[in-house]
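**Student:** In case you want the letters, here they are:
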Amino acid sequence: MAQQDIPMNEMMNMDIIRFASAMADKASFIAEDFAQVLFPKTSVIFNDRMRSNALQYLRSVVGQLEQQICVIATREFDVAQDVLQKIANGGEGQSYRLLADSGLLRTTEIVQHLFIKAQQSELAARLLQKISQQDLEATLTRHLDHQDPVVAEAAMGLLVAQSKTTGTAGEISASLADLSAEIAYAFAWPVTASLARLSGLSGPQLQQATERFLAAHDESAGVARKASRLAQLVEQSGTAEDNIPHPMRDGLSLFIARLARQTGLTSDQIVSFTAEPNMARFVVAMRAADFPVQEALSVFSALDGGDHILTAATYQETDRDRALALVSSWTAPDAYQNAKRILADDSLGDRGK
Amino acid sequence: MTASGKLAEPVRGQVDADGMLLSADPLLMRLHLRSGGAEGGPLAVPELAEICRISRRLRMNLSRAVQASDDDCRIDMWVETRFVASDKEPQVSLAIIDWKERPYDDTDKIDPARERDFDRLEGRGAIRTDAALRIISLQMPVESGHLPDAIGQSLLEIYDVFPPSAHARLLEAVAERQPIRNQRMREKSGSQRLFLFQGQPLIDKAGIFAGYRFTAVPDGPEASGQDAQAMTGKLISDNLFGFQLGPALRQPLGKIIANAETISSKLQGPLRGDYASYAKDIASAGRHLLDLVNDLSDLEAIERPEFTVAADDIDLVDLAHRAAGLLAVKASDHQIRIDLPDEGGKLPACGEFRRSLQILVNLIGNAIRYSPDGSVIKVRVAADEEFARISVTDQGDGIAAEDQDRIFEKFERLGRSGDGGSGLGLFISRRLAHAMGGSLIVKSAAGKGSTFTLSLPYRE
Chain A
1 MAQQDIPMNE MMNMDIIRFA SAMADKASFI AEDFAQVLFP KTSVIFNDRM RSNALQYLRS
61 VVGQLEQQIC VIATREFDVA QDVLQKIANG GEGQSYRLLA DSGLLRTTEI VQHLFIKAQQ
121 SELAARLLQK ISQQDLEATL TRHLDHQDPV VAEAAMGLLV AQSKTTGTAG EISASLADLS
181 AEIAYAFAWP VTASLARLSG LSGPQLQQAT ERFLAAHDES AGVARKASRL AQLVEQSGTA
241 EDNIPHPMRD GLSLFIARLA RQTGLTSDQI VSFTAEPNMA RFVVAMRAAD FPVQEALSVF
301 SALDGGDHIL TAATYQETDR DRALALVSSW TAPDAYQNAK RILADDSLGD RGK
Chain B
1 MTASGKLAEP VRGQVDADGM LLSADPLLMR LHLRSGGAEG GPLAVPELAE ICRISRRLRM
61 NLSRAVQASD DDCRIDMWVE TRFVASDKEP QVSLAIIDWK ERPYDDTDKI DPARERDFDR
121 LEGRGAIRTD AALRIISLQM PVESGHLPDA IGQSLLEIYD VFPPSAHARL LEAVAERQPI
181 RNQRMREKSG SQRLFLFQGQ PLIDKAGIFA GYRFTAVPDG PEASGQDAQA MTGKLISDNL
241 FGFQLGPALR QPLGKIIANA ETISSKLQGP LRGDYASYAK DIASAGRHLL DLVNDLSDLE
301 AIERPEFTVA ADDIDLVDLA HRAAGLLAVK ASDHQIRIDL PDEGGKLPAC GEFRRSLQIL
361 VNLIGNAIRY SPDGSVIKVR VAADEEFARI SVTDQGDGIA AEDQDRIFEK FERLGRSGDG
421 GSGLGLFISR RLAHAMGGSL IVKSAAGKGS TFTLSLPYRE
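Those sequence lines, one after another, are chains A and B.
First residue of the first sequence: 1, per my numbering; consecutive thereafter.
First residue of the second sequence: 1, per my numbering; consecutive thereafter.
Be careful, since some hints might not be right.
Unchecked claim - Residues from chain A shown here face chain B by an in silico Cβ test under 7 Å; the list is partial:
#: 1; residue: Ser220
#: 2; residue: Arg225
#: 3; residue: Arg229
#: 4; residue: Gln232
What the hints contain is simulated information worked out from the structure, not anything from laboratory work.
Bear in mind that the values here come from a model prediction, so they are computed numbers and not experimental data.
By construction, the Cβ of each residue, glycine as well, lies at the ideal position given by its N, Cα and C atoms.
When you get a sec, could you build the whole thing from the sequences and use the hints?
**Tutor:** Printed below as a string of structure tokens:
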């Protein structure tokens, strides 16, 4: 069983009585945590690298956010408060621990976002095993020479956005610019509440600073939106050579955005499909998008992290009409899909039929 | 609507806190009105209204792809919202920086009417059944006679499986939703003709089995008792192609074409480029042979003394559209536009539907074959007291005056070769036109294109 990694001498310094009380408060959740490990509800396997990456990313996003809010509060609203000024000046933030302990970072929206980010970094690492970083970077430059200047301009935008956020291979680089509006919103308010508590500031300045931060947030600068826009333009330009997206030709972000566009799914859905056993839903999505068999096999092997093999026979025997129907059902709103799944549960018996 | 792609200036709009459209540029206003909105009313384009709602709720700016639709087309947009917080009333301003319209994508769908036209052109019957093999629609060749009250009855109440021993095998294939190939079926009543059935299972959008679509071709030697009697005692009948060689050749040729196309499209796996190219050549040669077999069958049919045509009530405008529809893919391969008479118009004539369609397909097909890429083929109709006329004009090289009679002769190619023609099409077409009481003529000059005119008796 894993132990919380706090050295004994550090623990002794913290006042062991207080630490022991904290442990007692949390003891009732041990069974819950262990149950999640023992009885997972999905077949997705989360490896240690994904967990480590996700936590690192989460810590970084919360840290950047609290700094941004503190900068606005201290410089634009003239808040003179030690804790906030220290954070604004690059001092270590304290919100992460508070928010993590309180469970405020465990919302479905945030955890789903973390999962997608961690899986994306997995895919990037897998891709790098099959293609060099240099070749991967070259994939985007081909669109820079596109005959349509609008496409070329959008490709440049994506290239710039990527260059700002690319971390070292296999790591997620957290950038606030990369957050969608909804995720920035989901993070910003708990961080604000945490700063209010840590600083003891009772006035409206922190709230106003957050509002100003959110109003200035430009999701169009993020990699996901840039990729989505380029995907839209590339699909519209519709030249034969660009017809079938491929991660080794388009790069990961653009490939995902293009497949999402061709299937009507979201980029996040496409990424999460690649984490599922045998990438079954991903294969169905490719079939629905009518990828030729050789392209589908090639894309599969480029993104597969294990030794799974997609055969031509399996792919071709996947009925396209049924694949289209399935993909179409996955494009329904999440709330509807969840409700439908719950209502279809056998435990409800024949009620309502 | 005409806007397309990246706009010089974004299309702008303004939405208030309650979702009312305060102002909109003409393009956005038109889409709003077409979506059922009113001036000053709530923004009626659901996808845009949703993005405004999110922007208002979060009090943030968004930048997203949006797809909207109106009656005519789908519109791909890239939309940016700006949330404007003010003391009075917050607003959301919309800026649409890309606006690309595209027609609804029907290219993947097989138009049932077009499919029926192919069936009729090739003398095939078509039957559609539901999942319980009850007949939903039925269209059989004229010579098979009328099948009273077939709709709603089980296919097996109308047709016997032949030989009877194949009955269980057929039911097994249906139970497993397998395609049905080359199943012989005999009409239980009426002319008791034998047909060769091919059936494809139909799967609906939800992935559920919805029945079969069968095509039925009169089965060769047993097709007509009279013909069979006439052939008795002869090793090779007078109707060599129609009843013996034709059906015998079509089936293996069909297999050769299908397999060669499968190989050339690399559906079974990777293949060297030159091998794929050979397979394409085989498929192309196979199609040429199949056309030749069909032409020879027709040739033989029209030269038989007892050859007659039906006197259907036909509409030449409708036929022109059907023939152009059948050749649409071929025309678009060569960027050729077929300029047709207005679909709302009518030009009634008297002639056999299938044979008239065959003539028009031949004329328009020739026009496509001999026209330069990117040109226009004009199809026009006219009538006088006696005849209804339909003409097909191309922008090809034209035909010299001395050759204009020769092109209607058997196997005459005017020295052309390798273009997929058999040299029988125009001969057959003219004979068919005469058999229907009409004519087929050409007007042309070298280098100035050609106009072929089919005249058929006018029907009041």
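**Student:** The structure should be examined with respect to each hint, and the outcome stated for every one.
**Tutor:** Here is what the structure says about each hint:
Annotation: interface hint on A:Ser220 holds; nearest CB of chain B at approximately 3 Å, less than 7 Å. A hinted interface residue such as A:Arg225 counts as satisfied when its beta carbon comes closer than 7 Å to some beta carbon of chain B; here the least separation is about 5 Å, so the hint holds. With its C-beta approaching chain B no nearer than about 6 Å, A:Arg229 sits inside the 7 Å limit, and its interface hint holds. Annotation: A:Gln232 was flagged as interfacial toward chain B, and the flag holds, the nearest CB pair being 5 Å apart, inside 7 Å.
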